[in-house]
Amino acid sequence: MADSIASDATARPYRSKKQRPWVPPRAIAVAVEEWVASWSHTRETAPFAGTGAHRAPEASLMPLSPASPTTPHTAAAPDSHRTTVMPGRTVLYTGNSSDQDVYLLRHLPFDDTNSFGHSNWRVWKIFADEAAPAYFTSYPNTLLDVCTDIYNLDEVNAMVGPYHSHLLDLYYAYAHPSMPVLEERPCFEACISARSIPASLLAAVYNLGVSFWHLSPLLSGLHPIPREPLYHFVFHHITLEARTPSLRTVQAMLLHMQCPPFLVREPNHPGFWALTGQLVAIAQDMGLHVDPTAWTTISPAERKTRRVLWWAVYMHDKWLAHWLGRPSHIDDRHFSVAPLTVDDFVSGAHPLPAYLSHSIAAFVTLSNLTTVLSSVLDSFYTISQNPCSMTPEEALSRASQCQAKLNESLPHQGSTPLRPSRVINDYALVFAHYGIAVSIQRALFACVGGTLYYDIQRETHLFRNLFDVLEDLLQQDLQGLWLSYCKSNIAMIGSFIITALLSSTDDAVYQTRHASLYGFRSLLYRLAERFEFAALPLLRLNLLLERFADNAAEPGIEGPGCDGESGEDILSS
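Using UniProt numbering, the letters of the sequence shown map in sequence onto residues 1 to 573.
Warning: the hint list may mix true and false statements.
[To be verified] In the SDA-like style, the derived pairs of lysine to any residue whose C-alpha atoms are separated by at most 25 Å in a straight line are:
| id | residue 1 | residue 2 |
| --- | --- | --- |
| 1 | Lys405 | His334 |
| 2 | Lys405 | Asp291 |
| 3 | Lys405 | Ala354 |
| 4 | Lys405 | Tyr355 |
| 5 | Lys405 | Glu393 |
| 6 | Lys405 | Asp331 |
| 7 | Lys405 | Cys388 |
| 8 | Lys405 | Leu462 |
[Unchecked claim] DEER-style ranges, computed between Cβ atoms:
| id | residue 1 | residue 2 | range |
| --- | --- | --- | --- |
| 9 | Ser384 | His223 | 32 to 40 Å |
| 10 | Arg458 | Phe262 | 55 to 63 Å |
| 11 | Pro162 | Thr382 | 23 to 31 Å |
| 12 | Ile383 | Thr499 | 16 to 24 Å |
These aren't lab readings, by the way, just hints derived from the structure by calculation.
For each residue, glycine too, the CB sits at the ideal point set by N, CA and C.
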């Protein structure tokens, strides 16, 4: 009987030489199949394919070819074309602690496509490994309260009118190099034609394209289409898509939260931190937090897409948590995805286009740098661990470890990071480097500032190098999407300079910091005339300085200066 069972089922390899796995009798295996069948028929029966006029098999993801995917239970599907994106179904990752028990699932009698179950509940064995098994469970969308117009592009097309091709031109020219989470344009357009792109993702792409309307020689003389309807359309639809998420949902959310704001406003755009939590949850639903390198059951193209999307989600969560002072949604112990490489963005034998190569290389390095940020947040900025509760020796030790990781994360010339290579993501990378350095410095300042432990020369050198980079940027003519993380890093640097200035107890130190503040503010004025990312840091800096000036004018309140110098003296810059 055991031999017959082994021939009918595809069991996971069992490595133990001393103990063989218990093989269930045939009667139990049959009972399991009958139970699944009876369970599925007691609920609403759903077709395996999607329904509705606008439902189509979802095609390629970066960098797949735009061929319709095959479901894992289709025997004719070769592994090179298998994908977790299925028409009319939602595929969710099964974690080790789940009620389905991955160590039970490995005993199921999978068919020759590594699938088991029926239309309302189906398990797909992705990777049969004793230490890190990978299973996905798929459900028909009709059982998950699906939003029936996910793929209805009519409303979005009506918003952009005849400009859809121009907006794609602008997106791929100015937004895609900074946030390369989509496939190449020909593949993406093929998916649009097949109506296999969710309307939310298409609206997010168009919204980013409209942001650069003035840069199109064909559109610059025309009145731009309004962005607000596209923006609100995306927010509404991605919220509904959380019921039946896919990799496309993750792409739409990432792009939506990188759209330039309509107003100069706080970093937590309405609902963005809550939406970030949803983004991380959907990524984990999709199993993006698990390294897919060994998952040969799915196509190489999807494996690359999964890695790119996970690191894009990781970066967004960590930098926004840093910006807002929130706990990150991602614990570094709970993901296993290997670091990104440029090869993850290469489709087949085709090399990256020249205009993308530098930007993608910087994006890859930024993902690696974000792990250093995570270490800094865990070392200094948790509720239970903050610099004020540490001894100087402990704070200095942690800072030294974080600084060593930071120094290893970027190529250097001496003690200064290499100058950018004249693409936006290179500057974003350098700003991120200085943002982390300042976060280490301000943690030290909170613990040992004003003591002999604190290195004022290091602080001054840090600011001087940053100002050199900002001066260099002002000499460039760069057009494109600046990742929102740039804004946060520049704003934090300004806040720290003011904090340090107000805490100065020595005339020479005060004058040094006053000069840094003066120089930084002057640079922000010049940057804000050309770059959107500088507007909020400048506004924040001016509001703080104006408030200090108001306080200095009130009776009994001494200004932030030393030896009677008032806030107006600072504002005189």
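- Ascending list of hint numbers which this structure does not respect: Hints 3, 4, 9, 10, 11 contradicted; others consistent.
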